[in-house]
Every structure is written in C-alpha cells, then in structure tokens.
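A.B. asks: Take a look at the letters that make up each chain.
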Amino acid sequence: MSGDRVRLTVNGVPVDVPGRISVAAALLGLERPFRRSLSGQRRAPLCGMGVCFECRVRIDGRAQQRACQVTVRDAMRVDTDD
Amino acid sequence: MTEAFDIAVIGAGPAGLAAATAAAGAGRRVVLIDSQPTAGGQVWRHDVAHGYPAPARRSIQGAMSGHGVTWLPETQVVAAESGHLLVQDPRRGYRLPYRSLVIASGARELLLPFPGWTLPGVVGAGGLQALAKQGWALRGRRVLIAGSGPLLLAAAHTARRHGAIVLGVHEQASAATIHHFARGLWRWPGKLAQAASLRLSLAGIGYYPGSVVTAALGDDALSAVEIEGPRGHERLDCDVLAVGFGLVPDLTLARHLGCATRTDHVHAQVDVNAQQRTSRDDTFAAGESCGIGGRDCARLEGTIAGLAAAGVPIPAALLHRRDHARAFTRHLDRHFILSPRVHDLARDDTVVCRCEDVPLGAIRPHANGRSAKLATRCGMGACQGRICGAALTELGHGPSTDARPPVFPTRLSTLGEPDRLPSLPVSRGIST
Amino acid sequence: MSTFDLIVIGAGIVGAACAEKATAEGLKVAIIEPGTVGGGATAAAMGHLVAMDDDPAELALSRYSLALWEAFTDLPLAEFSRCGTLWIASNDDEFSHIPAKLARLADAGIEAELVEAAYLYELEPMLARGLRGGLRVPREGVVYPPAIARHLVDRAVERGATFHAQHASHLQPGGVTLQNGSVLHGPVLVATGCALPQLLPSLPIRARKGHLVITERYAPMVRHQLLELGYADSAHGADTASVAFNVQPRPTGQILIGSSREYDANDADVSMDMVRRMLQRSFCFLPGLRDLDALRIWTGFRPVSVDGLPYLGRVPGMADTWVAAGHEGLGVTTSLGSASLLIDQLLSRATAIDATPYDPARVLS
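Residue numbers (the working numbering), protein chains in the order written: chain V, 5 to 86; chain Y, 5 to 436; chain D, 211 to 575.
For the record, the hints were derived by calculation from the structure and aren't laboratory data. A virtual CB, placed ideally from N, CA and C, is assigned to each residue, including glycine. A few of these clues could be false.
[Stated by the list, open to error] Per label pair, the in silico range of CB-to-CB distance: (1) D/564 x Y/369: 39 to 47 Å; (2) D/564 x Y/267: 52 to 60 Å; (3) Y/180 x V/11: 53 to 61 Å; (4) D/372 x Y/103: 50 to 58 Å; (5) Y/103 x V/78: 40 to 48 Å.
[Claimed, not checked] Some chain Y residues flagged as far from chain D (calculated, every beta-carbon gap over 12 Å): (6) 78; (7) 237; (8) 333; (9) 401.
For reference, chain V alone in the conformation it holds in the complex (with noise of 0.2 Å):
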C-alpha cells in the first residue's frame, strides 16, 4: 500500500487515512456509520462495487455519492447520517 497518508474530515473531525484507497474502506476502517434507511436503521457497504447504494454518504458537500467509488482525496470532507 501507498504509503501516502491523506486528511479527510469526517463528520467534521479530521482523519488520517492511507491514500489511494476508497472512502468506503476508509469508514470501515475507522469503524463510523455510513447511512440511516428510511426507517431509521443503520447501513454500511454491501456489494462494494457500486450496485447497491447502502454505502451513500455526502462528499464534499454532494449528498448521495457511493463511498465506495470514490478514492480519498486530502482535504476531501465526508460527511455520514449519524
């Protein structure tokens, strides 16, 4: 692995994480929730290829991107439901 480490803010709280990987990987590494349902249960990456769209989170201000399609960038803000 890169041994580049890149700053997102999460939720507001800065992290660093490895680079080049996605912010999908990144939140599950760092154990946060990615998404609230409809009815208000949590969800989290499941198909990890950009089918499914439980790894919703807003990047950058952009509500609803997939997590796991976008490679971290620094100064990227990631925002989740809780």
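Could you slot chains Y and D onto chain V? The hints should help.
C.D. replies: Only chains Y and D this time, still in chain V's reference frame:
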C-alpha cells in the same frame, strides 16, 4: 475531436480488455469505458495492498500499450441513442459517438434477503473482496463466509490475504454436490488449477457444505450469526459476514439498448450468436453478461467479440475453445442450484428492497412486480432495483425487466446539457 | 349472477373513482381491468391537484373535485401534501395577466394571492434570479395516484364489487363480452382513457405523450409545486411537441420534473431529446437542479378529447352505455368530481355542477 470511435467497449474486465486488444490489433479506433478508477473489472480488481495478479497485469498492458485504445476510467454509460452513448465521469457528461459496441458489463453478485442481512457488517462475498482490495483494514477481524458457489473460496482467500481471521466457509450446496462438481472440473484445467491453489491457501479454514446462515444478529451492527448445517444449529460470534449466492449477468445496459435476452434457468442473459453478436447488428456482448462462465471464457468471448466488431474473420479454433469454456456455465449452474432452504430464509418482516425499506410481506400479495412496485415503491430507490430485482426473481416473484434510462443515477446536467465530446487522450496507461 | 347495476371498464383513477362512488351508493358493481390497477396514465401522472382556469367548465370541474379531495388528506397511502401551487411569471407580460387569473380563481372560490418578486424569492429562494413574480394557490397539493386508484378499487371490492382481470372484447346490447368469452350484463361505463376508441370508436381520443424525471432524495430544495405561467400555453397549444417548466417536491424529498407534451408519438420509449429540452427549461428556473441525480425517467400518455374537456355521461345512441374518459393532464385532479357527476347522472339525480359541457353528445351531433 468529434470523430467517432469505431468501437466502444463497455467494461474493462477480462472480456472487455480482450475485446479492446483484439479490435485495436485489427486497426480499429477503440474506446474502453469502465465505471471504476482502475481497469480489471471485479475479478481482476486492483488491490491497493497487493496490486494486480500477473495475468491481469499482462492483459491490461496488452490492451493499453498498443495504439488505438482510449481508456476512460470512472466513466459510466447512462443512456444510449442511435450512434452514440451518453456517458458521465466525475467532472462532466458528454455524448460519445461509436459505430459498434461491445458490452462487457460482467456480472453482479446475487444477494438474497434473510433476517439481519441489512446490518452493518454483512457484506457480499464479492463485496468483501472488492472492499478489501479498496483498502478495508481487515487485520484481526473475524470473518465468516457463507452462501454458494466458487466465489466463496476466492473471498476466503482474499480475506485471509488481508489479515482477517476466517472462521469458516459455509456452502449451501451438499457435500455430495460439491464433490461431484470438483470431480467434473478436470474438463477445464484452468479451473482445476484455480480451485487447487485456493484450497491450498485455505488450508486450516473449515469448509462446510450443506450449511446455511439463517440469521445475522446484532443491534446496530453485526455481532453473531446463526447457522444451520449437518452439525445442527449453532451460533457463532463474528465481526463480518460475507455472504453471496453466486453471480447473475448484469443486463442493465444490454436491455437498455434493446438487445434480446434469454433465460435458461432463473436469471436472464444476453442472447448472442456464435460471433458474440446480439440481436442488434452493431452490438456485441462477451463474458459474464452472456451467462456466468468465468474469466477464461470471458477472455475468449472478448477476443471473438472484438474481432467480430472489427469485421475480422474469426479462427475456428478460437470458436471451439470458447464453446468448451462456455460449457462450464452449465457445469456451474447444475451444481449450485439454490436449495429451498435458502429461498425460505426471508420472513414477512425481512426488508427486501433496502433502498425503500420494503419488507417481503408487503410484496407477497401483489400479482406481479409492477403492481408491487407501484404500491410499495419496491425497486424505486437509488439502486433502481438492482439488488431486490435479482433477489425477487430468484425467489420466484417474477423477473424485473425495466429498460428505461438512465442506466445509473445520473446528474441532471448530464441529461440536460451534455458537453461536446472532449479531447480524449489515447492509452493513458495504468496504475498498478 | 353476472348481472350488475354498473360494469366499470378500466381501473385507472377515473374508473376506480367511479366504481368506488357507485358502490357507496349501494350499486352492484363489476370492475374490469386486465392490467395493474392504476397502472396506465395514473401511474405516470405527477399527482398534482390543481385548478386550471383557462376554460370555465374545466375550472368548475377542478374546483368541485378539489373539494372532494379534502376527504383524502389524512389517508397515509394517498401521501397528500399541501405544498400549494406557485405559478411563475418570467416577465412583465406574464405578470400582467395575473390579476385576471386571480379574479377567475376568486370567482370559483379558490384562495390565491399575487406574489411580487421579493416575496417570490422568500417563498422559493432557489429560483433563478430575474423572475418577475407569481401567483400562489396555497391550498392545492399533491398525491400519489396509483396507490389511490388501488385504494378506491379495494374499497369498492369491500362493498361487494367483483374484480375481473380480463380484457373487455366488445360491448353488446345490455352488457359486455370479456376476452374469456364470459358475458356481464348491465349498464356499462367505459373509463379506459387512451384506449377508449377500442370500445367506443365514435368518441375521438388522441394520446399526448409526456416525460417525467424524478431525482434521488435530497434535503428540500423547493416547497411549492412550481409551474411557469406559460404552462397553460403549452398544455393547450396545438404544437406537436412542447415543454414547460413544472417541478414538484415529493413528500419523499425527491423532485419530480416535467413537463413535455407530444402528439403523434407512437411508442412509450424515453426520448432523450425531449428529456434534454425539458431539463434545459427547468434549469432556466431552477439552476440548482443541475447538480442533483436523476433516478428514473418515464413516459405516459394523456388521453385528449376533441375539445380538451372530458367525456362524462351517457353515450348517445347506445343503450345503457356511459363514458368517463379524455381528462388529458387533469385526470387525477378531476377524477373524484367526474365520478360524482357520472354516478349522479346514472341515478337520474341532480348534479352538483352543470354537466352539459362534458356531455359526449357534443361531439356526436
């Protein structure tokens, strides 16, 4: 640069890479499109910790190093009109003209509902592989693998390689079926080698045929699973459950284009002729979208599709090898038929449509999928019915055949104000 | 056993409302619907409950129906949302027509207010700059039509109506023959929308295709159903293909974007060209839409009568044959009023509003 490409290849897995290589080798201008940031598809997905397997690296370099292949990563086909595709990447949406098309959209994992399957910590078996390769830190996590099919062994291999503690692989098919399946593999030496090397690396990991995870337990996240198998009923604590019931062809794009499909068993596949041509004259399909046959079959079909799209005669030997590889589909289908036990796992209160939180009990009273959809919103959410549609087809609630655009959720700006075709570089190379 | 007080053919929202109303009056009803209940134009509709005031008869029927819709505001499956309608004037000319529109609505007893530019942006801050003002109709709302059609059919069946999942092959004196050969006897009401000419070829219907786009769920961007005042020109114009800005906030947080109108479009395929035109129009009014994701696009066909008014009443020259069809884009709004008007006539009672303008005899004479 508004010149049309000769051939657009959708999907950069084994089939798409082979198609692009063959078509470019025949002197055609090829554009290779994939929604992922790196080539390889799912089976050859780039691993941030371990890079590519050697055959993947060779195949990718083969496609990208020659002239004539323009590689567009992170690019999603969202609609098709006559003579061009509407595509979008993270920055823009635009129309991409083409003359012929090769669909190499691959497969999706069949994910079936059971009590607790929506808990965080429950992932697909292929999902576990994809997320591990994206950098999910699995070291020290207790992972249980369940479901059906050869993919479970590959998932166990990936999990272990990433430092997980693999608690066991629970295969719903019976021990007798598995032995019969393995005995038949001599006809596909490549498969035998794959299976043997996986079994080797799995030494020490329990493989339990005839065993089904009946429930995932936990409050806000997975903490344990319930299993029913030859040893009776047991409960096992774990951090991750990777569960998948095999693969189904991804037909979204093919259906959208109006390509005919056919259904041999339960799930449909693109209907192609010997040259991999679909019911549309200008459109070819190769690999898992034509039925689950594995990577060797996908590569052969990709090459045939690439040559056919380029208008080049196809060597008879190649067609023969493809036919042999394709026979594996039937071998696989025969042995990993899902038992009624698996079909009956979901209860009336089990959520089936995860996007709209629709439980099975709300869907049951409806005569058909359309009626259920209108009344419950089942399949109307963000995944556009990709997960629940395949699951409900498997459970016998009728096929889902929606073919309207957009193929994927799409920025309104892409649909309303597509850019002019940007200047696209050729062969941007790969990161390994 | 197969003799009924009324045989309703077609279970879109209009047929469903008629069947429900008839059973409420104690009639013995049969419902004939081979497809999904509410699965045609009803499923494709926006579900906007709106008074259109361009024609007095249209306004009268809308107003009458809107009052009846108040009975559904607490029904959860109706997903009623009183978002109100905000008609938008882009320029001085459009703005100058608002007082007359206001007066027509006031005459019909519909509450509405003129909206100056500053107030417009207070109501809807995401609107594009430079708009002139608008007209707000605060008590209008939106519903989810296919679930209501289903509900109305269920209510009718609870009251004893029988449901026949069959095609109606042809009408015959005193009843209808179904595709399976069985014959139902009794007065027949044809409520088959665009398919009307199959059973009643003397009543012309043209299908007018429309497209809709729905987004993913988001935090609210707009509060009202928003329409450009030019909408009525598009709706009533004879152009082969036109688009108009018409955006609706769904209670789900999704935004529904319309609208397009096309005559002579034969297939139900999504035309990316029409989608493009429609979205470009919507970006003129709501530029922020550009960044949202579209989940689905679909098409539907509005059943258009000769003069834009529905055919409601007895079909001249045919014994015991009734029609309720041809509501164009107002079928959801006017379904309940249409049903009351029709059943009152069937029972030879006085109607709540003058039924003459909708009498199918007008096109047969």
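A.B. asks: Now tell me if each hint is right for this structure.
C.D. replies: Each hint tested on the structure:
no. : hint                      : verdict
1   : D/564 x Y/369: 39 to 47 Å : holds (42 Å)
2   : D/564 x Y/267: 52 to 60 Å : holds (56 Å)
3   : Y/180 x V/11: 53 to 61 Å  : holds (55 Å)
4   : D/372 x Y/103: 50 to 58 Å : holds (56 Å)
5   : Y/103 x V/78: 40 to 48 Å  : holds (41 Å)
6   : 78                        : holds (16 Å)
7   : 237                       : holds (40 Å)
8   : 333                       : holds (32 Å)
9   : 401                       : holds (15 Å)
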